[in-house]
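J.: What follows is each chain in one-letter form.
There are 2 protein chains.
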Amino acid sequence: MNSNRPIGVFDSGIGGLTVVHALRRLLPGESLVYLGDTARVPYGTKSHATIERYTLQAGAILQRYDPKLLVIACNTASAHGLPALQAAATCPVLGVIEPGAELAAKVQGPVGVMGTLATVQSGAYETAIRRRMPGAEIHSLACPLLVSLAEEGWLDDPITTEICQRYLKQLPDAVKTIVLGCTHYPVLRPSLDRARPGTTWIDSGDVTARAVDALLENSLGYRTESSAGPLRVLFTDAGTRLKEVGSRFLGESLEAVELVEL
Amino acid sequence: MNSNRPIGVFDSGIGGLTVVHALRRLLPGESLVYLGDTARVPYGTKSHATIERYTLQAGAILQRYDPKLLVIACNTASAHGLPALQAAATCPVLGVIEPGAELAAKVQGPVGVMGTLATVQSGAYETAIRRRMPGAEIHSLACPLLVSLAEEGWLDDPITTEICQRYLKQLPDAVKTIVLGCTHYPVLRPSLDRARPGTTWIDSGDVTARAVDALLENSLGYRTESSAGPLRVLFTDAGTRLKEVGSRFLGESLEAVELVEL
Chain A
1 MNSNRPIGVF
11 DSGIGGLTVV
21 HALRRLLPGE
31 SLVYLGDTAR
41 VPYGTKSHAT
51 IERYTLQAGA
61 ILQRYDPKLL
71 VIACNTASAH
81 GLPALQAAAT
91 CPVLGVIEPG
101 AELAAKVQGP
111 VGVMGTLATV
121 QSGAYETAIR
131 RRMPGAEIHS
141 LACPLLVSLA
151 EEGWLDDPIT
161 TEICQRYLKQ
171 LPDAVKTIVL
181 GCTHYPVLRP
191 SLDRARPGTT
201 WIDSGDVTAR
211 AVDALLENSL
221 GYRTESSAGP
231 LRVLFTDAGT
241 RLKEVGSRFL
251 GESLEAVELV
261 EL
Chain B
1 MNSNRPIGVF
11 DSGIGGLTVV
21 HALRRLLPGE
31 SLVYLGDTAR
41 VPYGTKSHAT
51 IERYTLQAGA
61 ILQRYDPKLL
71 VIACNTASAH
81 GLPALQAAAT
91 CPVLGVIEPG
101 AELAAKVQGP
111 VGVMGTLATV
121 QSGAYETAIR
131 RRMPGAEIHS
141 LACPLLVSLA
151 EEGWLDDPIT
161 TEICQRYLKQ
171 LPDAVKTIVL
181 GCTHYPVLRP
191 SLDRARPGTT
201 WIDSGDVTAR
211 AVDALLENSL
221 GYRTESSAGP
231 LRVLFTDAGT
241 RLKEVGSRFL
251 GESLEAVELV
261 EL
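As you go down the protein sequences, you meet chains A and B in turn. Read in order, the letters of the first sequence are residues 1 to 262 in my numbering. Read in order, the letters of the second sequence are residues 1 to 262 in my numbering.
In isolation and in its complexed conformation, chain A is listed as follows (with noise of 0.2 Å):
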């Protein structure tokens, strides 16, 4: 097996270009193709059947590109695609909710989760955390608007801090760590933070970041070549704020852009 092959992440968005940032920072050698379904984004909204449907949709056309792994890098899709995305696709499929919940399984006491309704409606992370520690606390929650305050680039900002206050108030004083099932919601971290101090956020770009370079440890071998890991970015739709919010996630410039059909 070739370990020079890329890594395929698939997103509903620009919100998994966090997870990419993460992947960047932590294996700058490895070639990446990401895939947003800019044209249906958001999945959070929509329903299982619906989402897995996409997933695979997206799948097959990652596959394309011959990877040795794919990268679910949105929770939405995670939660309701995965174990499809899984028995369809000819190469491992991570999805970024099993290292989130690695991590909130080692918590000491109780557990919060954002996300959006169908992720928090699928249930994935209560699941994924009660198989690592039976009888965790776990408080989920919806947050719809974070996503729209992300895009809208109100990162640092009163408003967001009140609706995250608003969101947040209904988490038991307890929960101490909040696992941010979104990829949106790191960039939200001033207004998170600042509404409610004190809480430790398992970012599930960053871990999943890690699960990404263990497997490559363990099974399927780094990148060998000596030049910088090429990033090609593809999307469903090109819409007229895609640069500018897309560099926001990603965290450097976004330049080349390619349109893929459905």
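Heads up, a few of these hints could be off.
Some chain B residues close to chain A (C-beta under 10 Å, calculated; not the full set) [to be verified]:
#1 40
#2 41
#3 47
#4 110
#5 152
#6 158
#7 159
#8 240
Hints listed in this document are in silico derivations from the structure and should not be mistaken for laboratory results. No experiment lies behind these values; they were computed from the predicted model shown. C-beta atoms are modelled at their ideal positions from N, C-alpha and C, and glycine is treated no differently.
Put chain B on the given structure of chain A with help from the hints.
T.: Quick look at chain B alone, frame taken from chain A:
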């Protein structure tokens, strides 16, 4: 031509149910078939080419019901897909922008237009208003967060008022009339009123219902059956909050819902 055929109403999701609400109030005898493209909603952040393609696909689905008239109840789809659907459809097609512009062109002084990013970037309201009133002073304002707030149900809410204020203060004080250029916005009226007291709001749903009435009276004919007009509601995806949020927009309980495949 049989005037008992239904009126087909298309929207990107559930916002267009505010137009259905206005139609059922004004024309209770008419038969309506509504199609909401909830599998791909929202359109407001997507590109011209994608919105136009989606509008054509939705129009083709509604044509199966042999409508006497198609109404594009979504401002974004009207701004980007109306000419293409008019060229493709076998019946007349009315968008929501022309009726809103008709009323806005009669206003003395400057006019504001609130809408999605895609609607504002299309310049469709400017074009339609200036066709009727060449020297009109028009101030357009993209308000990306308002759709999410309407769907979250924070209708009469201090946070929503604050967000409306932040958007609306970008308009000159002299603007006293503002077009609600997105079908989601009318449900936010309590917060909008508090954010900018004394404003006259042009509700594109209301004016579109009156435009439909005029079309039926002048050329297409009213339904002649004496029973109350039936309403059939189709969606391309059934998310879990669909009936709850849909009922809020429809102004009556949303009962039977059918799923259609894209």
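J.: Would you list, in rising numerical order, the hints stated earlier that this structure does not obey?
T.: When the structure is compared with the hints, only number 4 turns out to be violated.
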